Structures are given as structure tokens and as C-alpha cells.
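In case you want the letters, here they are:
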Amino acid sequence: MNETGHRLPQDGLDERFRRALDSILDLVVVERAIRDDDGRIVDFVIEWMNNAPVDVARRPREELIGRRISELYPALAGGELIASYARVVETGEPLVVPVMPYEDVIDGQTVSGYYTVQATRFEDSVLVASRDITTLETSRRELEIALRELEAAQRLSRLGTWRIDLTAKPSASATVSTELQRICGLPPGPSRELDVDGIDRFVHPDDLDLVTRAHQRAMSARHPIVIEHRVVRDDGTVRHVRTYSEPLVDDDAVLGLWGTTQDISDTIANRDALDAEHGRRVTAEMLADVASALNAARAPQEIADGVARAMRGFNDEVMAIALAVVEPDQPVLQSYFGGASVSGELAARYMRAPLSVDTPASRVVNTGRPLLVGDRVTQRDEFPAIRADIDSAGYEAVAGLPLRRASGEVFGALVLAWRQPREFDRALVALLHDIVVVVSRAAERLELLELERSVARSLQLGLLALDVRSTGAIVRARYRAADEAMEIGGDWYDAVDLADGRLAVAVGDVVGRGLPAATVMGQLRAALGITALTASDAADAIRMLDRYALHVPGAHCATVAFAIVDPDAQTVSYATAGHPPPLVVSPRGDVEFLHGGRSWPLGIESKRVRAPADVHRLEPGSLLLLYTDGLVERRGEPMQVGFDRLESVVRRNWNLPLRRLKQAIFGALADVGGESGPPRKGLTRDDIALVAVRTAGADDLLFADAFRAARSEQAPARRRLRAWLERVGVDGETRDALLLAVGEAIANAIDHGSRGDETQVVKVEVARRDRDILVSVSDTGQWQPGVEGYFTGRGRGHLLMQALVDDVHIDTDHQGTIVTLRLDRQRELV
Amino acid sequence: VSPLHELQVVEEGGALVAHVDGEVDSSNAGEVGRTLRERAEGRRLVLDLRDTEYLDSAGIAMLDALRRVTDLRVVLTTQSIVGRALMIAGFAQLVSVFDTVDQAIAAPK
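Going down the list, the sequences are from chains A and B. First residue of the first sequence: 1, per our numbering; consecutive thereafter. First residue of the second sequence: 1001, per our numbering; consecutive thereafter.
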């Protein structure tokens, strides 16, 4: 670009004009055009400028005059403004730019601002007057933004403003803002006036009275008010609004009202949604509570109580809960009531009700459909058969829902009752459905648990049944679970007749509880039953059992005490593996723990060799006790204390018939409130197994006999007993009375207890005590006095026993029936 | 095995007199009852239980059956266990009980 322009001489301007320009506050600049070779204006050079202080970069005019625009203001180079100046020069048309934003970098500084620029032709120059309007423009822009924000805010907050002018002529008028128009469903425009009737027509008719009175109150009290009401748009949609009204007062005269009206429909919807959300959360928490309560439930009653508790917390109108479950084998509904408000009388009557009786619960079970009855009148109509109970119970609303198994099968019903009539809204019904799912699961789990319990019980009965046919010894055993609910632990026992008249006895303890433990028990017991038949002695049996136990996962660390009783040889061979020592009592009452033959528990790999069996003398009439640690072990107490306690109770009771002895031992060592024994620290936690073996024989204080359950055995048995009675000084009438009473018991045991199976054994045990003689006659049958077939034809037998001795007890358990007779020895003296 | 009982039956004064020695229980009551019934049915039967050491409810049942088909008279020592048993069982009230066989035979019906 070739600069060809020339400078306008300073003195070319009229001095007065120059002074006049100098007095102007705006910046006035004379800029001369610079043309290229083709004569096109490409730039301007500052010829002159007035005394207005500085330019945008605060440069004094001495620095500016004579320099090019494109050089001084780089952002303008080749830009629109220079082109516009060129047009002014060429056409003579003045230029007005009201707001010219300008931003540039001058001497490394960023400058920016807004300018108003006017340019007119002045010879081959432009006379440019510019004013810095940056402050003004910035404010204006800020205000504009603020206004836009306000409008946006109004729109966002749905807040409209209005003003009612009561003094307007010819009638009161209302001015409404854009947003209020929008709220009222009018096409939004700038604020406009409506007549007051025009604004009233948007108020919901039901709320018009409220709104009118509120405004009157605001005016009469000269105080602002806030009301919520509804607005009806022309298209019929309803909006909820909150209106703030403030009276316009001038010298005590109310001129009108102004205020705001906010559309709160969404807020209300949100509030409802929030309430619903809160409700859902409470519901979810309640369901979680119910679920956890029910998961802990061990009986249906606990489920009913859990649901009742949870519902109380959630909705205190629920008064009663019934959990009704169909019994396994019959069309009977068993009901469990939760909530104390069910009367005992009603509860007792509906505890077991046939499914054929039409009640809410049976209806639900029979139809498999939910039942919702909102009031008592309908209830009475629906269930005419139980009208009286409906009235006496006093429940208005009833809801029943089917309990379903995972398979979908209905197995019961959950019934809820309310004192007040009610409508079942969707939320409540949904809640009930959720609850019933939780309850169904819990109840089904209980069913399975009960099934498992009953399987475990059966298994245990099977495992713990004894079938001893030895006539060389009497065997009785007892198992007692650690807690009543779980009924099966890992303790077991067994007794097996060996072919040559010997008897193998074992007691063991496997780790764990329930079915798994029962399974292991069963395996060990079966294994021991077989090894007992082939083992050379007790230690050999344990070695064989150990080899087996290594392959049974649950048998690890199982313990066992094993003994082979040989009544003929009068010995016991025994060994223990990690197990407490057996106890032996001579026929004279000498008590001794058998500490020999000890080794470590089963199922543990070891190179060590187990101890050989120990053999101990066992005179006829001796007692051998095998037991598990639950009998002697107590928390926080050395084992020895337990052993001492066992020894002590055995010393006091050793010659009792085995059933009584067992009772005495359990009473003193295992049960709460036993009749004897030292005070006990806490309850035993473990389960307990005890096996007692008494070899047939007699001594001064005891007589033990066992014989085949054949009628022909009666007389020999009586003779043996008679001989012993005479030997110990019981004779005459007492002897004869006792013999007849015992004879009757023996006859019963043979005829009823053994039912003609002559391989069964009848056992007779007699103990001489300080005050009395105790006799027990036991068999393996399950008969009961008074039960059909027993004593009906021979009631005289029972009568004789009752008359001849002081006490007669007949007890039946899974091991058989025992008749215990007690004869007071004082009678001998009378 | 020695027999439980010994039964001697004789005709005396128009009556059948049976002497039961030993014990009667469910193992032999049936046999004793059958024997006596075969011979004494419809007749006066004097049962001498003074040497009976043992008679249980099965024996009493046997006596009760005989009582229904014979003119049964029982001779016993009331202090004995058999006497006590018959008293307890209420049987002594159902039949005529005598101290001696002669009294039993002679007593009117």
C-alpha cells in the first residue's frame, strides 16, 4: 500500500471553530483519507483532534495526530468502520453509529468499550465525533439482563404481578403482568389492563367467595394477606395459585390493591409427590422391618405378632391381624392372631376352624383372591354364617390376602381388620400386597423349618431308638436337646446285642446341629453298629470307626465312648476317643470313673496309635453310665466340678431303677429347679445323651432281672424276686403283696407290652431305699392304662396293684412302658 | 420246668372238689379253667385254694368264668394273699367263701 495522502495544515481550520470543538466534551477528530494507487480509500490518518482528554488507550493527542487509524486502532484495520468513513467521504452521507462496541489490544493492553460515533464529510476527510458510552451501555445492558432475568424468574417462579385501581374511570381496572396472563391461560403480552370482572372470571367459582372476602379483609385491615385458591383457564384447566395482596393506601383512603399471584400447581403436585415418596420410603422401611422381624420368626405366632407390630407403627388404625394357615393334612385353617385386641374367646374359637366355614380367611384361601370389605354392613352381608362374631369383634373394615408358596399355591391368608370403615386406596392395597409377599415367604420358610424339624425329630427317634434284647443287662438311654425348639443336636447313643450275650454300648458327640449333624450321627452309629459286631474289643471298634470317620466330612472331631459289656464274664471292655470317662457303680454302690483306654477324637489324621481298650470288672448288678459332656460341662466352671456333681448324684441314687436314676441325674445336673444337687450356675447349653446299663444281678440294695416276654417266664421271674426279697428280709404279707403286684405288672408287660413277641424282654428292677422299696417293670411296648384293649378285660390287675402297694405309676415313652411300684417299708412295721 | 400247679379233683358228697396247689397266673389259668369247666359245668364245684400260693388277676378271671357255669364255692384262708386278692377284686362278694371243704359242700345253695 502506497501512502499518497497529505496533511491538512493545522492552520487550515478556522481558529474559532477549533476552539468551539475544543469545548466539546466528546472527542472530535479530523481524519484524512489515505488512498491507494487506484484511488480507493484504504485508511485514515488523524489530522487533528480536539482537546477531549484521551483516546480509548489514554494516549495524549500529541501521540495520535499524524498517525494512521489502522495503526492506532489495530482492530479497525480493514474493518467496517473504516469502510463506513470511506463511504462518508465519497458520498457525503453522514454516518451515525449509536452503539459501537469496540475491543482492541493496544500496547499489549486489552481495551474495550461502547461508543456512539457520528461522522460527516469534511473536505477529503471525515469529522468524527465519538462519545464513550461504555458506562451507560454497560448499565443499560445490565438492566436489560436484569429485566430479562426478572421476567425469566417470574416465568420460572410462575409469579405474576397485578394491580387493581379502584379509582379508575369509568370503573375499577386491573393491570396484569405477562406472567399472570400466562397463568390465566391468556396469550401472554405486555402488561395490560382488564376490567375487574375480567380478572374475576379466572377465579375458580368455588374460591371466588374466599378471594373476595380476603381482599375485603386486606383492605379493611390495611394489611397484606396471602391466600391459596384456584384459577380456571378458559380451556377449563385448573391451576393452583398463591396470591399475595396488599392494599394501596393514600391518606387513609384505599385506592386499590396490588400483589402477586404465583402458580403453585407444580409445587402442590411436587408436594403430593414428595408425600407419596415419603410414604413409599416409610413403606419400604416398614416392609424391611417386617421382613427382618419375620425372618427371625420361629413360629407362626411370631409372624402374626411381627406383622401386627409393624402395622401398628405404620398405620395405627389396624387393630387386628390374623395369620391363617391351612393344616398339612386336613381342610382346617389354623389361625394365629397378632395384636392384643383380639378377644381371647374369639381367638380360641377361630384358632382351628374348618375351611368349610365361610370366614374372610377361608374365603380368601378357597378363592385364592384378595378380599376387601370396607364396612361392617357389607361384612355381615358377605359372611352371614359369622354375623354374631362380626358384631362382637366390632371390626368394620376387613382385608384378606392369600398367602402363596413360590409355586403359586395358596396355603393360607393374612387378614387385617380395622375398627373404622375405610376405603382401600391403591397405596394401601399395594402395601398389603407387599406385606403378604413378605409374610408368605416367612410362613413358607417356617413350614420348611417345621418340616426339617419333623424330619430331624423322626430321624432322631430312629437314631435314638434302642432295640436291646439282652437278658444279661438292662439298658436305658435318654437324649435331651439343648433347647426345646431345635430338638436335635449332635449327641447320640446306641446299644447293640452281640451274638454271644455281650452288649455293645456307645455314646458320641458330633460337631454341629440339626439335620447335618443327625446325618453324621446316623452314619457313625450305623458304622459302630457294624464294627461292634466284628471288633475284637472296644479299642478295635474305635479304630475301625476312626478309619470310617476320616471319610465322613462331618465326623471330624467327633467323640465317642464305647463299651462292650459281658454279663457272663462280668467285665466291661471300654475305650474313649476325646470323650468323658464312663462311670461304673458296683452293686454295693462304689462309684468309679473309668479313665483307661483314652485317645483323641475321631476323624483326625494321626500317626499315633490309640490306647488299647481297658477292661474293668463288672459284677452282676453293676451300673455303667456313658454320657456326653453336656451332662458335666457348664460354662465358666472347671470340668472337675461337673464330674464331682455327677458322682455325687449317682452316689445318692445309684440303686434306683434306671428310669428313676436318669430322672435324678437330669434333675440334678441338667434341668432347672432339680430337686437335689448343689446350686447351679446357669443353664447347660449343650445337648445331653446318657446311656445307663445295669447288668442282671442282685445285692442287698438292688435286684435287676431281665427275661423273655413269655408267659412261662412269669413264675420263674417271681421266684427269683421272691428269693431275693427273702434274702434281704422282706417276707410274709409284704413279700406276698409285692410279689402279686409285681406279678400283675409282669403279666401286663408280657401280654400288652410285648404283644406276643417272645424275643422281647421284660425287665424288673427293685431298689431297697431307706423308707421304701421301688420296683420297676418295663417292656418295649407302647401301652397305656385305660386305653382300649388294656385292663378292660382285666381291670382287676390294675386294681390289685393299686391296692397292694402305695404308689403305681405307668409311664410310656418311645423306649417302652414302665410300671413303677412303690411300697412304703414302714408298712412292714405296722 | 416244674409245673406251676397241681390240680386234684375228687367227687365228694355230690360235689366236685378241686384242690389247687401252687400258682395260677396267665400261663396256666386257661388250662386250669378249661379242665374244671369240662368236669364241673352245671354242678356244684368246691374250689379249695388254701394251698394256692399265687393267684393273679388271670386266675380271678378264670374263677369268674367258672362261677357263671357252675355252683361255685371257694375254700380259702382269708388272711392269705389269695384271700386278699379275691377281696380286693370284689370276687369274694360274688361267691360263697368257706373255711373248710366240708362246709362248702354242705352249704345250701
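Be aware that one or more of the hints could be misleading.
From the structure, some residues in chain B lie toward chain A, with a derived Cβ separation under 10 angstroms [claimed, not checked]:
| id | residue |
| --- | --- |
| 1 | Glu1023 |
| 2 | Ser1026 |
| 3 | Tyr1054 |
Quick look at which bits of chain A chain B covers, simulated, 3 or more residues with Cβ under 8 angstroms [stated by the list, open to error]:
| id | stretch |
| --- | --- |
| 4 | 710–720 |
| 5 | 800–810 |
Sample of chain A residues with no beta-carbon within 12 angstroms of chain B, all distances over it, derived [claimed, not checked]:
| id | residue |
| --- | --- |
| 6 | Ser171 |
| 7 | Gln216 |
| 8 | Ala299 |
| 9 | Thr534 |
| 10 | Gly578 |
| 11 | Arg735 |
| 12 | Leu738 |
| 13 | Gln760 |
| 14 | Arg796 |
Keep in mind that the hints were calculated from the coordinates and are not lab data. Note that the structure is predicted; figures quoted are calculated from it, not measured. Glycine is no exception: its CB is placed at the ideal position from the N, C-alpha and C atoms.
For the stretch 800–810 of chain A, do three or more residues have a beta carbon lying closer than 8 angstroms to a beta carbon of chain B?
Per the Cβ count (3), the hint holds.
Would the non-interface assignment of Gln216 of chain A survive a Cβ cutoff of 12 angstroms against chain B?
Fine: 108 angstroms to the nearest Cβ keeps Gln216 of chain A off the interface.
How about Ser1026 of chain B: closest beta carbon in chain A under 10 angstroms, or not?
5 angstroms, holds
Tell me if Glu1023 of chain B is really an interface residue toward chain A, meaning its C-beta lies closer than 10 angstroms to one of theirs.
6 angstroms, holds
Checking a non-interface call: every C-beta of chain B should be farther than 12 angstroms from the C-beta of Leu738 of chain A. Is that right?
10 angstroms, violated
Check the non-interface label on Ser171 of chain A: least C-beta distance to chain B beyond 12 angstroms or not.
Check passes; 122 angstroms lies beyond 12 angstroms.
Ala299 of chain A: least C-beta distance to chain B exceeds 12 angstroms?
47 angstroms, holds
Would the hint on Tyr1054 of chain B stand, with a C-beta cut-off of 10 angstroms toward chain A?
Tyr1054 of chain B check passes; min Cβ-Cβ to chain A is 7 angstroms, inside 10 angstroms.
Beyond 12 angstroms from chain B, beta-carbon-wise, is Thr534 of chain A?
It holds; Thr534 of chain A is separated from chain B by about 36 angstroms at its closest Cβ, greater than 12 angstroms.
Exclusion check [Arg735 of chain A not at the chain B interface, CB over 12 angstroms]
9 angstroms, violated
Distance rule for Gln760 of chain A, whose beta carbon must clear each one in chain B by more than 12 angstroms
16 angstroms, holds
Is Arg796 of chain A truly not at the interface, in the sense that its beta carbon sits beyond 12 angstroms from all beta carbons of chain B?
4 angstroms, violated
Checked against the numbered hints above, the structure breaks hints 11, 12, 14 and satisfies the rest.
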